[in-house]
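A.B. asks: Letter by letter, the chains look like this.
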Amino acid sequence: MSLLPSMIEIVRDNWLLLLVGQYPNGPLGGIAATLILSVLGIALAFPLSVAMALASLSPWRALRWPVMAMVYITRGVPLLLIILWVYFVLPLLIGHSVPAFATMLVTLVGYEAAFLSEIVRAGIHALPKGQMDAARALGHSRLGAMRYVILPQALFNMIPSILSQFVSTVKETTLGYIINVPELTFAAGQINNRLLTKPFEVYFILAISYFIVCWTLTQAINMVERRITARRTAGVAAASALPATAASASGA
Amino acid sequence: MKGFDLMAVLLNPEFSRMLVHGVKMTFIIFVGSWLLAMSLGMILLAVRMLPSRIASAFVAIYVSYHRNVPTLVQLMLWYFGISSLLPDSVQIWLGDHNGEAVFAVVALGLCQAAYFSEDQRSGLRAVPRGQWEAARALGHGYVGAMAYILLPQAVRNAMPALVNHTVSLFKNSSLAMAIGVAELTHAVKEVENQSFRPFETYLIATIVYLVCSLLLMWLGHYLEQRSRMAGAV
Numbered sequence: 000m001s002l003l004p005s006m007i008e009i010v011r012d013n014w015l016l017l018l019v020g021q022y023p024n025g026p027l028g029g030i031a032a033t034l035i036l037s038v039l040g041i042a043l044a045f046p047l048s049v050a051m052a053l054a055s056l057s058p059w060r061a062l063r064w065p066v067m068a069m070v071y072i073t074r075g076v077p078l079l080l081i082i083l084w085v086y087f088v089l090p091l092l093i094g095h096s097v098p099a100f101a102t103m104l105v106t107l108v109g110y111e112a113a114f115l116s117e118i119v120r121a122g123i124h125a126l127p128k129g130q131m132d133a134a135r136a137l138g139h140s141r142l143g144a145m146r147y148v149i150l151p152q153a154l155f156n157m158i159p160s161i162l163s164q165f166v167s168t169v170k171e172t173t174l175g176y177i178i179n180v181p182e183l184t185f186a187a188g189q190i191n192n193r194l195l196t197k198p199f200e201v202y203f204i205l206a207i208s209y210f211i212v213c214w215t216l217t218q219a220i221n222m223v224e225r226r227i228t229a230r231r232t233a234g235v236a237a238a239s240a241l242p243a244t245a246a247s248a249s250g251a
Numbered sequence: 000m001k002g003f004d005l006m007a008v009l010l011n012p013e014f015s016r017m018l019v020h021g022v023k024m025t026f027i028i029f030v031g032s033w034l035l036a037m038s039l040g041m042i043l044l045a046v047r048m049l050p051s052r053i054a055s056a057f058v059a060i061y062v063s064y065h066r067n068v069p070t071l072v073q074l075m076l077w078y079f080g081i082s083s084l085l086p087d088s089v090q091i092w093l094g095d096h097n098g099e100a101v102f103a104v105v106a107l108g109l110c111q112a113a114y115f116s117e118d119q120r121s122g123l124r125a126v127p128r129g130q131w132e133a134a135r136a137l138g139h140g141y142v143g144a145m146a147y148i149l150l151p152q153a154v155r156n157a158m159p160a161l162v163n164h165t166v167s168l169f170k171n172s173s174l175a176m177a178i179g180v181a182e183l184t185h186a187v188k189e190v191e192n193q194s195f196r197p198f199e200t201y202l203i204a205t206i207v208y209l210v211c212s213l214l215l216m217w218l219g220h221y222l223e224q225r226s227r228m229a230g231a232v
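Order-wise, the sequence lines are chains B and S.
Counting from 0, one number per residue, gives the positions in the first sequence under numbering that gives the first Met the number 0.
Counting from 0, one number per residue, gives the positions in the second sequence under numbering that gives the first Met the number 0.
Since the hints were derived computationally from the structure, they do not count as laboratory data.
Since we're looking at a predicted model, the values are computed, not measured.
Incorrect hints may appear among the rest.
[Said to hold, decoys possible] Ranges of calculated distance between the beta carbons of each label pair, as one might list FRET restraints:
1) S:Ile91 / B:Pro90: 54 to 60 Å
2) S:Val210 / B:Leu56: 24 to 30 Å
3) S:Trp92 / B:Pro26: 39 to 45 Å
[Claimed, not checked] Simulated coverage check for chain B against chain S, where a stretch passes if three residues somewhere in it have a Cβ under 8 Å from a Cβ of chain S:
4) 31-37
5) 149-160
Built from N, CA and C at the ideal position, the CB exists for glycine as well.
Produce the entire structure from the sequences given, and follow the hints as far as they go.
C.D. replies: Right under this line is the structure:
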C-alpha cells in the first residue's frame, strides 16, 4: 500500500479546508477556527478565573462555596456531558437558538475558568506569606495588596501553567465535533465522508496536524518557562548578593 | 416542555435498562483501559531506563505523540483508520465482538499509558540519588534495589499525579460515545432522544459521573495517606 503518496495527495487537495474550513463561502473552520476558539476560550476564561480564585480565597462562605462546587463539577464530570448540558440549557436561558461555535465557546470558558482558578489559587498560595503582611503593613487594604502586590507576582509565576492550559484547550476543542462545531476535526470528518475509502490516511493527517500545532506550542511554553525561571532565580541571586539585611527584607 | 419528573426516566424499564447498561460499559472501558495503561506505562518506563538512546528516544516519541494529539482524534484514528488496515477476517471478528469497545479500550489505554509512565518517571526522579547508592552499598542488585528501595518510594511520590490521571481517564471514557460505544454518555443521548426529557437524563448522568469521580479522588487520597512514610513530608 502506498500510504505516503495518497496522504500527500489528500493534503494537496484539501489543505484549504483543513486550514480555514469553507471560509469564503461558509463558516470559518479548520485549524483557524480551532485556534480562534481556544484563544477566545482562554482569554475570556482568564479574568473569570482570577475572580473565582479571589472568591475562593475570600472569608465569606457565600462566595467560596459556589466556586468550590463549580471546581468539583468540572473536575468530576466529563467535558462532553457539560457540552450537552450547555447545548440544551443555553437556548432555553436566552430564548433563541445558539450556533454550535458559541455553545462550544461558552462551555470552554466555564470549564477552563474552573481549572485556571485552581492554578491562580495555587500561585497565590505559593507566594511567601510575608508578601501579604508587608503589603498590609505598608498601608494597603486587603484588596489593594492583592491588586498591586500579590496578583502581579502570582500571575507572572503562573504564566507557564496558564499556557499549558491553553494547549489542553486546543485539544479539548475537538469535542466540538459532537455538536458539529466547524473546526479541524469536523473538516477531517468532511474529507473522510467525501473520500470514503481512505479513513486511515485522513485521520492520520488529522493527528499529525494536531501534533504539529500542540507540539510547537509546548516547545514555545518550555522556552517561556525557562526564561521565567531564569528571571526568578536571577532575582534571588541578586538579592542574596546584597548585604544580609537587605536580602531578608526583599524576600524573593 | 414537560414538568420535571426524574421518575419518568428512572422507573421506565426501557430507559433504566439502557442507563444501567451504559454505566456497565463505562466501567468496562474504564477498568480495561486503566489496566492496559498501567501495565504499558510501567513497560514504557522500564524501556526508557535502558542504557540505549534508541530505546529512550522511542519512548520519548511515543509519549510526545500521545500527549500532543487530542484523545478524541486518537480514538477516531484507531476506530476509523487503523481498523480499516486490519485483515478482513479480523475486522469481521471485531464486528461480531463489540469492536468499538475494543478500540476504545486500546486507544484510551495507549494514550493514558504515556501519562502514567511520565508520572512514574517523575516520581522516580524525585527519589534522592543517595537511596540508590545506599541500596547498592547494602548489597542489593539492580533489580533488588529497584523493587525494594526505589520503586516503592517512586510510587508514593507519583500517587497524586496518578490519581489525577485516573480520574481524567474515567472522564475520557465518555469520548467512546463518538465511535458508537454504548457507554453512559451514549445511553444518555439515546434516552434523551426517546423520552424528550433532556434535563432529567443529563442530571442522572451528571450525578453518576460526579459521584464516581469523587469516589476515585477520595480513594486516591486515602491510599496516599496510608502509603505515606513516617517522617516524610
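A.B. asks: Out of the numbered hints, which ones does the structure contradict?
C.D. replies: 1, 4, 5
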